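S.K.: Going down the list, the protein sequences come from chains H and W. Be aware that the first sequence starts at 1, since it is given in our numbering, and climbs by one per residue. Be aware that the second sequence starts at 1, since it is given in our numbering, and climbs by one per residue.
Possibly wrong hints are sitting among the right ones.
You can't tell identical chains apart in this list, so a pair holds if it fits in one copy or across any two.
[As the list claims (entries may be wrong)] In the EDC-like style, the derived pairs of lysine to aspartate or glutamate whose C-alpha atoms are separated by at most 20 Å in a straight line are: (1) 262 to 387; (2) 8 to 286; (3) 287 to 51; (4) 262 to 392.
Don't read these hints as lab results, they were simulated from the structure. No experiment lies behind these values; they were computed from the predicted model shown.
Number of protein chains: 2
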Amino acid sequence: MASVAVEKLHGRSWIAGALAESGSNSFHGYSPADGGKLEPEYFSASAADVERAVAGAVEAAPLFARSSGMERAKLLRAIADGIDAAAEQLIVRANQETALPRPRLTGEVARTSGQLRLFAGVLEDGSWVNARIDTADPMRTPPKPDIRSMLRPLGPVVVFGASNFPLAFSVAGGDTASALAAGNPVIVKAHPAHPGTGELVAQIINAAVQLVGFPAGTFSLLFDEGHEVGARLVQHPAVKAVGFTGSFRGGRALMDLASSRKEPIPVYAEMGSTNPVFVLPGALKEKSEALATGLHQSFTLGGGQFCTKPGMVFVEEALAADFTKTLRASVTQSPSFNLLTEGIAKVFDRSVSAKSSLATSVGTEAGAGFAAQGTLLEVKAEAFLTDHSLSEEIFGPVTLLVHCGAAAQMMQAAQALEGHLTATVFATEEDLVQYADLLHVLETKVGRLIVNAFPTGVEVNHAMVHGGPYPATSDGRSTSVGSQAIFRFVRPVAYQGLPQFALPPELRDRNELGIYRLWNGKLESGSHVVESK
Amino acid sequence: MASVAVEKLHGRSWIAGALAESGSNSFHGYSPADGGKLEPEYFSASAADVERAVAGAVEAAPLFARSSGMERAKLLRAIADGIDAAAEQLIVRANQETALPRPRLTGEVARTSGQLRLFAGVLEDGSWVNARIDTADPMRTPPKPDIRSMLRPLGPVVVFGASNFPLAFSVAGGDTASALAAGNPVIVKAHPAHPGTGELVAQIINAAVQLVGFPAGTFSLLFDEGHEVGARLVQHPAVKAVGFTGSFRGGRALMDLASSRKEPIPVYAEMGSTNPVFVLPGALKEKSEALATGLHQSFTLGGGQFCTKPGMVFVEEALAADFTKTLRASVTQSPSFNLLTEGIAKVFDRSVSAKSSLATSVGTEAGAGFAAQGTLLEVKAEAFLTDHSLSEEIFGPVTLLVHCGAAAQMMQAAQALEGHLTATVFATEEDLVQYADLLHVLETKVGRLIVNAFPTGVEVNHAMVHGGPYPATSDGRSTSVGSQAIFRFVRPVAYQGLPQFALPPELRDRNELGIYRLWNGKLESGSHVVESK
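Working from the sequences, and respecting the hints, build out all of it.
M.R.: Pasting the structure below:
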């Protein structure tokens, strides 16, 4: 498939493939490296723009819902190709807008096109629809009807771009990819911290939609510096689901808006996580130094702005002298980091200052722009267990080392945890046997339980769960990363007594698509073709 | 497995296998046939009882969550056996409490034990856990970690028994069966209209829990005539999900309680549905009479108290003279029906009286007890489209015939529909071709689209979807009937880097359970055993 060229930046929303008019409210992106304003000026979408974007999505929805998986795979691959082709342009602009280093952004481009192709592969395989066929039995009393079901899309989905991944969790990120894959039109509310990157990606998506021949309303991108456009979208009666990655406050506000609608709708909000790490005695003994330096790298990676940053570390104090010493020394060597926005940098400073009573090690003093200082806080488990605020996420290059008196206190800390995206245990096999109960508790608190690796790497694959119980996400029954994310934007529909021609291809006797199906309760292989009767 | 014997009725809640104390508030079941009070007296659970039931569930949860599917299948089969063994006692008591006829209740016993065995079969098969394994690749840069995921239970689930199915949607009904199957302890809030039937079933479940050796807190049954116990349960921080079948008002109240918690939890509420039926021209021509008498049977079945009762019927007036005539005549022959409770009978009368301006045919005058008269209401499409109240469910033996001027008006009515459990189309193949757009619209409004059958039969199988968009249910992404109901009470959890011995059996290299798994993106047959490395 030919890739699509990116045009220049216009500073306006893209609604169903067309540029919105400029409006009264405008804003700019900023360079976190020096705090400077970036051109062009961006105009916030108006109430009428929101209506137009939703109307476009509503119009596109029925056709897009009935498109084949193969057709939607083409769309995802065209977007992926467009992103790869525009990689250099995207990296340059994203680097200006986020101060994330080029190697990181190069990886993020690949991650973004890679996850679009992962979903394309899921669509091409086709078995994801969970086709189930229970055939008729006219001899039974009463006669048994023919019932067939499969997953179908929900309708227009609103996606909020995240600040910390200007590509992979933004305009063509995982939420957009999974919602489109499932057959839903998408309206993205762009994150105002990287409007230029967002607009470039929107143009790539628009070109792909046109190339593959879907209705223009399949995709829209709306800008807004504040919360009004997002609130309007989430409250719009025609919007059927929401994907969000951001702060707890923002996510909970969207949840409350969605649940107080006349028709409540699902909100998939990834909201914040402190990602506890437990370093067990055997591991401390075997590799204190490597773990301490690795931890420092992990919690300062990307300026400590990963959703899975390890923000709390539990050790048995009596065994952790070397670990603690190395960790402190590493932190004092930390360079200064530039955070994504002025707001994030200010909250970081305020949050760390509020903990000034704790033992603190710091790195190089913060430099120009939206800067932050690498920071290690330390506290005794007794104090940690009585002050809930210590377990809350601080976005930025800081972690909290919790010194536990004994194994029992570590278990107590684990039991007191709220929901997180991840929990990590560094352990020898002997530790894992001895601390089996700790792992059993941690499993109930998170979406991903990790042994002997730092949580900051999030693989995009079929098994990944990037989710977890509230308050890490709004809905622990789902993941926002990996191919299982497609299941967020669908519902099962049963068809009873329909003649073959009126059924979706996935449910016809003759298994034209060669997909796996549950046929009278037995899973049938994709290659097996049921003979038509 | 030996079946378990039912003891006598005690009139008190059963908490973690033990009888609660009697309290101050008490109530009785009533006989809908004559309005008479039934013994024994039932005591409402106290706030302390709620705490005890939740504490029992919390204590049981970790052990129950880690039990094998085979062990939980034994529990479900023991409950099913106990229900079958106590069938006569259950039918007698349920008949007294609901006035539902013996043949219907005999069928409901079989449906209840049958659905418990359906879930047992799902557990014995084992593949439902959606095991996904992405193996490590140390040669990749950066090295690819080993990640494995599967579905795990949520924790204590609260189930509200329904009035209209004293067995199949009540104490050991579909919600309880699916929540237990998924590995969650269950606390049932009994429906106060059939407390005796509920208590008998609770004793069967308790005996099964004991027989199979699960913790007693795996199951509790709480009584309450009002809403206090239910509200306490839904707001309890340790409760993780809710299943409910009942009215829209009741369901929405629970949704609002759950979404305003500090930690919002999922509510699966089936709330009400008017189940539109469209009789297309070809079908009207071919079999007007059979359709009219069939419709009358369907909307008065069980006194019109099925969730899937056809409550709105759309025809093209010019073609429906015979159909309408036969339907009117059938209705005037209707016997009187006894509804489940005095409250339901009163609401029925009030709701039908409010529509007295419509053309009305009625059956035999209502007799003794909580009685209701079979009723047909008729209205022109113009009036229907301007009065939203006409599309609301009336629980009881009534349906609304909507006379449409032409096909376009039928389409207009379909587009205006809210979410329903089912939509039915009676049609010839020619009709289906000509009205393809109508079916496409209906598909987006319901959980089950039916051709040429009445919606009141709800098969319990693998493909069934008994759900549908709001306001039919709180969450259209799920079904409360059939084996897919198990997916309501689970969440995916990923395990990264765990050694084989620390993984759940479903995720170990060696596929001991012989289940289907997604291994590096390819579905592997249950019989395929991966060689251990």
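S.K.: Against each hint, give a clear statement of whether it holds in the structure.
M.R.: Structure-based check of all given hints:
For the homomeric pair residue 262 and residue 387, the shortest alpha-carbon distance between copies (18 Å) is at most 20 Å, but the shortest distance inside one copy (38 Å) is not. With identical chains, the CA atoms of residue 8 and residue 286 are never at most 20 Å apart, being 55 Å at best within one copy and 63 Å at best between copies. Proximity of residue 287 to residue 51 under the C-alpha cut-off of 20 Å is found in neither arrangement, the shortest distances being 58 Å within a copy and 46 Å between copies. For the identical chains of this complex, residue 262 and residue 392 are inter-copy neighbours only, at 15 Å across copies versus 33 Å inside a copy, given an alpha-carbon limit of 20 Å.
Taken one by one, the earlier hints fail for this structure at numbers 2 and 3, listed in ascending order.
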